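**Q** As you go down the protein sequences, you meet chains A and B in turn.
Sequential numbering from 311 applies to the first sequence in my numbering.
Sequential numbering from 219 applies to the second sequence in my numbering.
Possibly wrong hints are sitting among the right ones.
[Stated by the list, open to error] Per the computed footprint, the stretches of chain A lying under chain B, defined by three or more beta-carbons under 8 Å from a beta-carbon of chain B, are:
#1 345–354
#2 378–392
#3 408–418
[As the list claims (entries may be wrong)] From the structure, some residues in chain B lie toward chain A, with a derived Cβ separation under 10 Å:
#4 Asp242
#5 Ser295
#6 Leu325
#7 Gly869
#8 Ile901
#9 Cys904
[What the hints assert, rightly or not] Restraint ranges, calculated between C-beta atoms of paired labels, are given here:
#10 A/Thr352 x B/Asp887: 53 to 63 Å
#11 B/Ser355 x A/Thr352: 33 to 43 Å
#12 A/Gln462 x B/Ala966: 52 to 62 Å
#13 B/Asp710 x A/Gly461: 23 to 33 Å
These are calculated hints, taken from the structure and not from any lab test.
All figures in this text were calculated on a predicted structure; none of them were measured in a lab.
The C-beta atom is built at its ideal place from N, Cα and C for all residues, glycine as well.
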Amino acid sequence: MSSVSMTVNGKAVSSDVEGRTLLVDLLRGPLGLTGTHVGCDTSQCGACVVHVNGEAVKACTMFAVEADGAEVTTIEGMADGDDLHPIQEAFREHHGLQCGFCTPGMIMSAAALLKENPKPTEDEVRHYLEGNICRCTGYHNIVKAIMAASGQDVSAIAAE
Amino acid sequence: MSVAKPLPHDAARLHVTGQARYVDDIPLPANALHLAFGLSTIAYGKITHIDLSKVRAVPGVIAVLTADDFDHHVDVSPSPSPEPLLAEGTVHFVGQPIFLVVAESHLAARKAARLGQVEYEELPAILSLEDALAADSRFEDGPRVYAAGDAEAAIAGASNTLEGQIDVAGQEHFYLEGQAATALPQDDGGFIVYSSSQHPTEIQHKVAHALGLPMSDVRCEVRRMGGGFGGKESQGNHLAVACALAARLTGRACTMRYDRDDDMVVTGKRHDFQIKYRVGFADDGRISGLEFIQLCRAGWSMDLTLPVADRAMLHADNAYFLPDIRIESHRLRTNTQSNTAFRGFGGPQGMVGVERVMDHVAHELGMDPVEVRKRNFYAKVGKPPQSTPYGMPVEDFILHEMTERLEATSDYHARRAAVREWNADNRYLKKGIALTPVKFGISFTLTHLNQAGALVHVYQDGSIALNHGGTEMGQGLFQKVAQVAASRFGVDMSRVKITATDTGKVPNTSATAASSGSDLNGMAVKAACDTIRDRLASFVAERAQADPKSVVFKDGHVEVGGDRIPFDDVVTDAYMNRISLSATGFYKTPKIVWDRIKGEGRPFFYFAYGAAVTEVVIDTLTGENRILRADILHDCGASLNPAIDVGQIEGGYVQGAGWLTTEELVWDDKGRLLTHAPSTYKIPACSDRPDVFNVALWEGENSEETIYRSKAVGEPPLMLGISALMALSDAAAACGDKYPDLQSPATAEQVFNAVQRAGS
């Protein structure tokens with residue numbers, strides 16, 4: 311066991327973990343942050359995306375000890391109290407979710423995209439989200455939500 | 219009124235903030251245990267020896283169980299045919315659970331489960347449909363046959379005949395949330411089970427049976443699933459039963475979730491089919507006689523195969539009047555995963571068969587396939603209805619009008635001409651376009667399942683708690699049904715509290731399946747609400763000396779005899795006057811009668827319709843392909859929530875197109891599934907969706923009396939994806955004179971092969 315300390319959603323936390331403990335297991339287990347989901351266990355579906363030092367990371371492919379000393383943001387840290395983050399609000403408003411299981415990872419990926427590319431094209435959004443799988447929506451409203459969150463006009467993206 | 223509004227999903231806020239809880243997110247007691255299965259590594263054979271000493275030696279392992287540890291057969295089958303929780307002496311597929319590990323952590327359980335030493339006497343496994351047919355390895359005594367008229371004579375007398383065959387792919391559900399369950403032992407010997415299940419009553423039933431308890435001692439709760447698609451209708455039984463048995467053994471809470479690879483290896487998938495056809499047709503494209511032979515892969519156990527295969531037969535006509543038809547269905551038993559329900563439940567497979575026939579006939583005659591399809595459509599509403607092969611008159615057929623509208627809005631004919639021109643100018647890339655219709659029967663074919671219950675409480679402050687037998691898997695059922703409740707009481711949605719599906723509140727629920735969730739539960743909730751509403755109306759009417767029928771519930775108020783009283787005040791007053799503010803509701807679908815042995819009757823209350831135009835481009839050198847554009851017109855009747863319905867249509871189309879194109883399941887010659895992770899099994903990704911995607915709802919209402927005249931929407935849109943397969947066939951056909959005989963899934967390899975055949 312080794313001790314790790316990090317800042318998660320603005321709060322200093324520390325925990326004893328095994329060397330093999332994955333970041334996602336630390337978040338979901340001892341820290342109780344179950345909004346980060348495990349979909350495929352193998353770093354492909356994107357349901358576990360969180361931010362580590364501002365970068366989007368699949369938390370099931372990173373050891374907890376690798377995040378020692380890092381600033382970690384999970385889906386639970388995106389809203390400001392009762393005020394949703396603009397991307398969260400856009401997913402809700404534009405029906406960018408159905409079963410909701412992929413949603414936290416989608417939002418965290420989208421946030422990373424908009425940070426590096428504040429006004430992406432639809433093609434850029436689709437390309438960026440290739441590492442996030444959704445089985446319900448057909449992605450249409452997810453793309454629309456991200457375009458809306460970036461402040462772009464989505465009226466031309468077919469009807470709801 | 220709340221109905222018909224495009225309101226967001228009821229849990230949208232919880233989802234976007236990560237607060238929504240799935241089974242694996244529910245906090246557990248500190249001493250909870252975790253479970254994992256040890257799996258068979260061969261496809262068929264007798265277990266000669268099991269050594270689990272290494273499993274037991276792993277730190278944290280509390281118990282390891284095999285079938286021998288139970289004094290009775292522990293059954294997890296959803297059908298009358300038995301299916302053991304753990305292999306009883308013989309294994310029937312690679313991935314069958316043999317032993318159960320109970321450990322202090324998920325990781326310890328999984329690690330230990332890999333260390334079992336199992337020796338087998340291997341037996342010859344049946345892996346292909348051909349081998350199963352040759353060995354007469356099947357469920358039921360022989361093939362089931364549904365027929366109308368005299369197909370053989372009609373084909374013999376036709377001026378043209380064709381025969382052919384198409385492989386119809388299986389499909390992995392890939393619900394994003396894997397199977398999961400938790401069992402909590404109670405002080406009185408009973409159990410609470412949390413399950414990611416479309417069928418809480420089945421979980422309750424199987425757990426009670428396994429424990430030798432009455433069903434009343436087991437309560438199953440399901441708040442939501444992270445996707446289901448049919449894969450959680452029966453496949454969650456193993457986990458729930460295992461958790462309950464281990465919980466009783468240890469007296470501790472037990473939880474289990476499959477690792478994704480295990481989930482894909484253990485659980486059943488969409489039934490793959492091989493469909494052979496022989497068709498006679500006139501020079502104008504009209505089909506005179508048609509014979510289908512459907513080979514259906516059940517896998518090793520019966521599960522839901524019989525009704526799945528029945529539904530494939532019931533959709534062998536799709537939208538076409540075929541008075542002389544014979545459908546022969548073989549339910550073949552193989553040493554592979556036991557295939558199960560998957561969105562459409564056999565209907566899509568049956569439909570692919572007849573759409574393939576339309577495509578083939580059109581190619582033979584050099585006609586536009588849309589013309590062949592339209593020529594064979596059932597009679598439109600207003601003309602004498604024509605009957606399906608199973609003797610049900612089609613009285614609500616709106617596809618003539620829908621197809622005409624879609625041809626116009628998608629600019630089909632001009633684009634088809636443009637595709638032809640483009641293909642003439644391009645040697646290596648070829649485009650294709652196709653329009654296919656959907657007519658899907660709504661109701662469970664097992665008639666007794668077409669019932670639902672609801673429980674509605676109005677509290678003394680006017681807030682409303684809603685419960686019903688349907689489960690939420692992302693399809694928006696809870697929101698739609700809550701909209702119904704709010705509309706009945708004339709109150710804002712914020713007054714309606716949606717609660718988890720719970721067998722302790724509403725008993726004897728049917729699976730949330732067959733697209734029936736909102737039809738059945740919406741009506742049951744309406745009945746419960748109306749009972750309370752009628753009591754309130756009588757109460758206020760009596761005081762106002764008015765007719766109870768004149769009382770109006772609207773905009774948060776109750777209008778009676780010229781007065782307008784806030785709903786909350788009426789409720790408080792009613793409570794003070796000892797009026798019951800709680801009611802159950804019940805609904806059973808009318809008009810349906812079905813004899814599945816004879817293949818006769820009215821299995822469906824009504825049909826849901828849709829049509830799609832898909833345009834694709836293929837690279838003839840590699841078979842690579844893309845969907846360029848999809849235009850959809852779909853019939854939801856009078857939609858309860860247009861935003862949710864459009865979401866179902868978009869998602870259904872993409873899932874259907876994925877099924878028939880990129881989603882390929884591959885087993886090796888030992889029966890091992892090679893595509894057991896998203897690295898090798900390719901479901902559509904964000905960049906795969908059509909570049910242009912136009913979805914519109916048909917404006918009409920259900921001709922039958924459903925909840926607010928809406929129509930079921932869960933499954934039908936999946937079959938719009940068939941247009942993608944037919945568009946690829948059209949593109950391949952541009953590479954030569956021969957019929958390309960495209961098989962599914964139309965992977966790049968299959969498209970390439972089809973291109974070769976067309977030009978050979």
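**Q** For each hint, tell me whether it holds in the structure or not.
**A** Results of checking the hints against the structure:
Given as covered by chain B, the stretch 345–354 of chain A passes the check, having 9 residues with a CB less than 8 Å from a CB of that chain where 3 are the minimum. Given a C-beta distance limit of less than 8 Å, the hint that chain B covers the stretch 378–392 of chain A holds, as 5 residues qualify and 3 suffice. For a cut-off of 8 Å, the count of residues in the stretch 408–418 of chain A with a CB near a CB of chain B stands at 8, and the three-residue condition holds. Given the 10 Å rule on beta carbons, the hint for aspartate 242 of chain B holds: about 8 Å separates it from the nearest Cβ of chain A.
With a least beta-carbon distance of about 26 Å to chain A, the hint placing serine 295 of chain B at the interface is violated under the 10 Å criterion. Against a cut-off of 10 Å between C-beta atoms, the interface hint on leucine 325 of chain B holds, since the closest Cβ of chain A lies about 8 Å away. Here the hint on glycine 869 of chain B is kept, as its CB sits about 4 Å from the closest CB of chain A, short of 10 Å. At its closest, the beta carbon of isoleucine 901 of chain B sits 6 Å from a beta carbon of chain A; the interface hint therefore holds under the 10 Å criterion.
Using the Cβ-Cβ criterion of 10 Å, the hint placing cysteine 904 of chain B at the interface with chain A is satisfied: the shortest such distance is roughly 4 Å. Distance hint for threonine 352 of chain A and aspartate 887 of chain B: a CB-CB separation of about 25 Å, inconsistent with the stated range 53 to 63 Å. In this structure the supplied range 33 to 43 Å holds for serine 355 of chain B paired with threonine 352 of chain A, their Cβ-Cβ distance being about 34 Å. Remark: the range hint 52 to 62 Å for glutamine 462 of chain A to alanine 966 of chain B is contradicted by a beta-carbon distance near 34 Å.
One distance hint, 23 to 33 Å for the beta-carbon pair aspartate 710 of chain B and glycine 461 of chain A, holds here, with the actual separation near 31 Å.
Figure legend: structure checked against the earlier numbered hints; hints not met, in rising order: 5, 10, 12.
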